[in-house]
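Visitor: Chains as they are written, first to last, in this note's numbering: chain U, -12 to 419; chain X, 44 to 237.
Derived from the structure by calculation, the hints contain no laboratory data.
Calculated Cβ distances over 12 Å to all of chain U for the following chain X residues:
#, residue
1, Gln85
2, Lys88
3, Pro124
4, Asp169
5, Asp208
Straight-line alpha carbon distances no greater than 27 Å define the calculated DSS-like cross-link-like pairs of lysine-lysine that follow:
#, chain 1, residue 1, chain 2, residue 2
6, X, Lys224, X, Lys171
7, X, Lys209, X, Lys224
8, U, Lys379, X, Lys158
9, X, Lys230, U, Lys384
10, X, Lys171, X, Lys220
11, U, Lys299, U, Lys199
12, X, Lys220, X, Lys209
13, X, Lys158, X, Lys171
14, U, Lys301, U, Lys290
15, X, Lys230, U, Lys379
16, X, Lys158, X, Lys224
17, U, Lys388, X, Lys224
18, X, Lys230, U, Lys388
19, X, Lys171, X, Lys209
20, U, Lys270, U, Lys299
Beta carbons are placed, not taken as given, at the ideal position from N, Cα and C, and that holds for glycine.
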Amino acid sequence: MSWFTLPVDNLLCRCLGISITVWLTLLFVFIIVPAVLGVSFGMRRLYMRTLLMIFEWAMLRMEMGAKEKNQELYKPYSNGIIAKEPPASLQQEIQELRGSSSCLRSEPEFEMADIFYFCRRGVESIVDDEVTKRFSAQELESWNLLTRSNYNFRHISLRLTVLWGLGVLIRYGVLLPLRVTLAVTGISLLLVLTTLVGCLPNRELRSYLSEKVHLMCYRICVRALTAIITYHNRENKPQNGGICVANHTTPIDVIILANDGCYSLVGQVHGGLMGMIQRAMVKSSPHIWFERSEVKDRHLVAKRLGDHVADKTKQPILVFPEGTCINNTSVMMFKKGSFEIGCTVYPVAIKEGEDAVQFANRVKAAIAAQGGLVDLIWDGGLKRAKVKDAFKEEQQKLYSKVLVGQQDQEDQEDHSDDKHFEDENPDAHKKN
Amino acid sequence: MGSSSSSIDNIPNAQEIMQETGFSAAHLLRLYERFQFLDRDQTGKLRPEDFGALRELAMNPIGDRIIGAFFSPGQETVDFPSFVRILAHFRPTDSNRTREGPQQEPANSRTRKLKFAFQLYDQDRDGKISRAELLQVLRAMLGLQVTEEQLQSIAERAIQEADLDKDDAISFDEFRKSLEKVNIEHKMSIRFLR
Chain U
-12 MSWFTLPVDN
-2 LLCRCLGISI
8 TVWLTLLFVF
18 IIVPAVLGVS
28 FGMRRLYMRT
38 LLMIFEWAML
48 RMEMGAKEKN
58 QELYKPYSNG
68 IIAKEPPASL
78 QQEIQELRGS
88 SSCLRSEPEF
98 EMADIFYFCR
108 RGVESIVDDE
118 VTKRFSAQEL
128 ESWNLLTRSN
138 YNFRHISLRL
148 TVLWGLGVLI
158 RYGVLLPLRV
168 TLAVTGISLL
178 LVLTTLVGCL
188 PNRELRSYLS
198 EKVHLMCYRI
208 CVRALTAIIT
218 YHNRENKPQN
228 GGICVANHTT
238 PIDVIILAND
248 GCYSLVGQVH
258 GGLMGMIQRA
268 MVKSSPHIWF
278 ERSEVKDRHL
288 VAKRLGDHVA
298 DKTKQPILVF
308 PEGTCINNTS
318 VMMFKKGSFE
328 IGCTVYPVAI
338 KEGEDAVQFA
348 NRVKAAIAAQ
358 GGLVDLIWDG
368 GLKRAKVKDA
378 FKEEQQKLYS
388 KVLVGQQDQE
398 DQEDHSDDKH
408 FEDENPDAHK
418 KN
Chain X
44 MGSSSSSIDN
54 IPNAQEIMQE
64 TGFSAAHLLR
74 LYERFQFLDR
84 DQTGKLRPED
94 FGALRELAMN
104 PIGDRIIGAF
114 FSPGQETVDF
124 PSFVRILAHF
134 RPTDSNRTRE
144 GPQQEPANSR
154 TRKLKFAFQL
164 YDQDRDGKIS
174 RAELLQVLRA
184 MLGLQVTEEQ
194 LQSIAERAIQ
204 EADLDKDDAI
214 SFDEFRKSLE
224 KVNIEHKMSI
234 RFLR
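Based on the provided sequences and hints, a complete structural model is requested.
Guide: Here is the structure:
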């Protein structure tokens, strides 16, 4: 039996050997070398375009299928539980509550029904509130052949099923090994090369080389993610001795930004692989890693930031002032730390997908407008911290305006509104 | 959160709750997920602190009263059925109910909604809104934006208007009467999606 299996074995081994060699060569030529040199073949864009075409086609088929059966095509847009009407102002809602009965009165009054407004708002927020919604994963608006929502796969047509199967094959058979290889290469190169560069004595050479090394590794990682990044307004690119401020959508943002230029990073110290990478990076270029829960560390960080930007030869610092990950629908309140340093701040807006539109003056509004995101007043730190009473006061202010009216501010000194009450109800003014 | 595949079977007494409150299975499921989300330490019950973590609620001038409404007097925790029963008050009123179930009034009837609002005022649950209780609510809703005198006169006026039997307090019937013209079904309802 042995003579029978040997040639087959040999053949198998040979095939495997050849295919792996071919694979690695292709990889090297088409991906790693361009990454090192910084050119692109445009394959990712082609891939994206193809994918989009497929999704559109699939969506069309689904809609046709649903129309035939006369069903509603369920689109998992929102993960909201309740339908919140467009937020009318407090004044409007209370006027509505009072209805026609208050038209006759000359001055605004308290009505027992006013409480309904606050009551309903309160219960609405118990059932579904804006802030927690922002922190959960955003559901995709179109069925993407690899459903990301809770809802089970419905059989629409054979063609779609076949397409879905093909998608699975390509994803796990071709793309996954490719991406894993690239990611591993990228990260190990980063670790090794930065450590090596860190050993060099000459400071200028070191920073020059470290820049090259960082760029190269980030480019490889970007290819591992199959990311297509478009940079707008390149003339505003952050310069040395400045701080770059961006909104934070995923931990990969760092890679995306760093693909274009070198930044010094500020961030939480991690353990494991991330920790290793952090330690390696620090050897060749200056980064600031700190421990979030240590109060002392925070003051130290502010000082280190200040020292870093003061040195004009050092790279710009990259800061994500929101301090936490948002799910790409809004820009939360910026923490003040990065703006207290007193140097030039370069705002950057990161948005998945669409082109950016405009730039406004103020940094936070600028980023929100640039990315087409919603400008919220919510504090991203809410996830961890308690609430401030100032906002409650605002609600009270608004309501008191409805009750007591605008004239309150002027009449305060001469107490004319007191007299007004007295005229109408002479015996009503009892003081307990 | 995320794509956990919970089903209606995970909820104890689901059918009973649906029958009692009128929520559909889908709504109940969403509420259960919400309940679990609010229940941070996964004890299966909610405490006032769990509600307190919601910013919009903390911002609400009567936020703590609303939280209090979920807890029966003397109880420190609220379980899922009680949670849903309270929320059932806010279901939109069904225009033509043909349900042949028990003859008790549905949770989202006009009277029950009014009763819920009444209890927000009447914290000691003695069936009457006293002048002191009214002042407390007004103070909560207005904060430091008005003077003590203004507050007193507002309260005075409100009692004068609503108090028909002149006992210096507003009973539930007087409360109901003063809100005759208000579209409570709409204002005290929350439209649940799906």
